[in-house]
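Q: Sequence lines, in order, name chains W and L. For the first sequence, the positions run 1 to 244 when the numbering used here is used. For the second sequence, the positions run 245 to 555 when the numbering used here is used.
Do not rely on the hints blindly, as some may be mistaken.
Unchecked claim - Derived Cβ-Cβ restraints for the label pairs, each shown as a range:
1) L/Thr273 x W/Leu65: 30 to 40 Å
2) W/Val179 x L/Ala424: 52 to 62 Å
3) L/Gly379 x W/Glu195: 57 to 67 Å
4) L/Arg446 x W/Leu31: 30 to 40 Å
5) L/Thr273 x W/Val179: 20 to 30 Å
For the record, the hints were derived by calculation from the structure and aren't laboratory data. In this text, a Cβ means the ideal position worked out from N, Cα and C, and glycines have one as well.
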Amino acid sequence: MIADVGTIMWKEFKELFHQRGRFRGGSIGVLIFVFGFGILMPLQTGPGWVESPIGLVFWAWLPYLLVSSVTADTFAGERERHTLETMLASCISDRALLVAKIGSAVVYGWGLTIANILVGLVTVNVAFSEGNLLMLPPATMLGILGISLLVAVFGAGLGVTISLRAATVRQAQQTMGIVMFVVVIPLFTLPMLPEEWKARAFQLVTNADLAAILTAVAAAFFVIDTALVLFAMSRFKRARLILD
Amino acid sequence: MSTWAIRTLGLSRDFGALRAVDDLSLEITQGTVFGFLGPNGAGKTTTIRLLLGLLEPSDGRAQVLGYDVQTQGDEVRFRCGALLEHNGLYERLTALDNLELCGRLWHIPRAERQGRIQELLTHFGLWERRKETVGQWSRGMKQKLAVARTQLHRPSLVFLDEPTAGLDPVAAAALREDLAALATREGVTVFLTTHNLTEAERLCQRVGVIRQGRLLALGSPNELRRTTGTPKVEVTGTGFSQHALDLLRARPEVVNVTGGDGRLVIETHPGTETASLVSLLTGAGTRIEEVHKGKADLEEAFLSLLEEAEK
Chain W
1 MIADVGTIMW
11 KEFKELFHQR
21 GRFRGGSIGV
31 LIFVFGFGIL
41 MPLQTGPGWV
51 ESPIGLVFWA
61 WLPYLLVSSV
71 TADTFAGERE
81 RHTLETMLAS
91 CISDRALLVA
101 KIGSAVVYGW
111 GLTIANILVG
121 LVTVNVAFSE
131 GNLLMLPPAT
141 MLGILGISLL
151 VAVFGAGLGV
161 TISLRAATVR
171 QAQQTMGIVM
181 FVVVIPLFTL
191 PMLPEEWKAR
201 AFQLVTNADL
211 AAILTAVAAA
221 FFVIDTALVL
231 FAMSRFKRAR
241 LILD
Chain L
245 MSTWAIRTLG
255 LSRDFGALRA
265 VDDLSLEITQ
275 GTVFGFLGPN
285 GAGKTTTIRL
295 LLGLLEPSDG
305 RAQVLGYDVQ
315 TQGDEVRFRC
325 GALLEHNGLY
335 ERLTALDNLE
345 LCGRLWHIPR
355 AERQGRIQEL
365 LTHFGLWERR
375 KETVGQWSRG
385 MKQKLAVART
395 QLHRPSLVFL
405 DEPTAGLDPV
415 AAAALREDLA
425 ALATREGVTV
435 FLTTHNLTEA
445 ERLCQRVGVI
455 RQGRLLALGS
465 PNELRRTTGT
475 PKVEVTGTGF
485 SQHALDLLRA
495 RPEVVNVTGG
505 DGRLVIETHP
515 GTETASLVSL
525 LTGAGTRIEE
535 VHKGKADLEE
545 AFLSLLEEAE
555 K
């Protein structure tokens, strides 16, 4: 199974980086992304880039953005390009195919996030270090790596599950948009909460231990991710993937 | 090991109210070329999908190479190659990468894989263009590559849905030779669907005709022609007068007479003696140069089957 997962991931990345048939064309998008988030943003933020805890929220959100840009294509794209049926007619196992599709989205989103962090660290040190090494605190770094991985798995699990039964990439993207809107709606209701509640929540967050919050968030994501992957596995039935 | 490559019993598949495959019972011997003929939407592609375990049957069962398609689909797919309705090639990848992907999925060792890829690409005249992305290629070249892909892992059974579609006549003839050789030399069973009845007649030991999901006929092309086609007598000569034609049409064994100026085609009931028709014509003043007794071709047999089914 590991060899099959590796083969499909090899194919996914070849396709991803060969947009319009050329490696250079596909790679330019990635380079622009790294330039924006790994060079431009740290230069604008300055040394605060490694000190502000807000960075943690940003790095947690970034892999979702990256992963969701590729997951709609995983099955719906193959279906649209008429390659899914031939892939299903091969001897790859159901589980290997699903794991490979989720895995390649995670590797893409999380890998690019880490690449951005590393490039960002080099950028701030080159531009602002003045002889001192500027580094994210170890706890923050660990939190970023852990949470961003869990968020990447969340995005991949959600996107691949939706893409499994979507007839087209556009349909998959629309469904993902609706799902995310439903998830985000509670955030819009926050300002409407009574002032007393908001003050109490703010006090709770500011007094709480960062490590405890991170652990709780990570645990919540871990449960959600596990449930999502199990749900995707239960929906993945080779004999039901040909929709027409 | 079973001597049947494919065996189905009452295989059916419904899509809502539509029955795409209806009570299909087939037995296809290993090492033969089987042609599955039928108009568009007859159920040919659905049958292939069922046989590869890509769809669940609504009723009945099927065994491919001795494995149950529902419970042992992985075993079936491991031993089969398939060129389906669409070529299924990854157009952003090169020809080499497309075959590399297939070879890796079938766990062919690296050295063997590379040798086999070179052998097939060379055989199909694609080796020089192996590093080009497939999206840039013509339909015919893609079709050749897709056919090459089906043979990469030396399967025991190959499903080919319209394999010569998009190929030029020379390439189509070469592919037909390859397929015939696959069956005779390597014992590979070939299950192909085609609209090209001449192709089916040349290539297939047995054919099945399907319409609206139901199997109308099954047998060798000769058997199908015998049972469904009308025998023909083709006469070349001069002096085909109206009187001679009227005399022919009045004979009970004659079904139809067409042509007239230098060439006459007489359709007869099976078992008709040609000599009596020839003497009738010479007696009516016709000078005969050549008489050719022919069977109906597969195309006529096919059309006749479809017409009968429609009644």
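Q: Hints numbered earlier in the text: which of these fail when held up against the supplied structure?
A: 1, 4, 5
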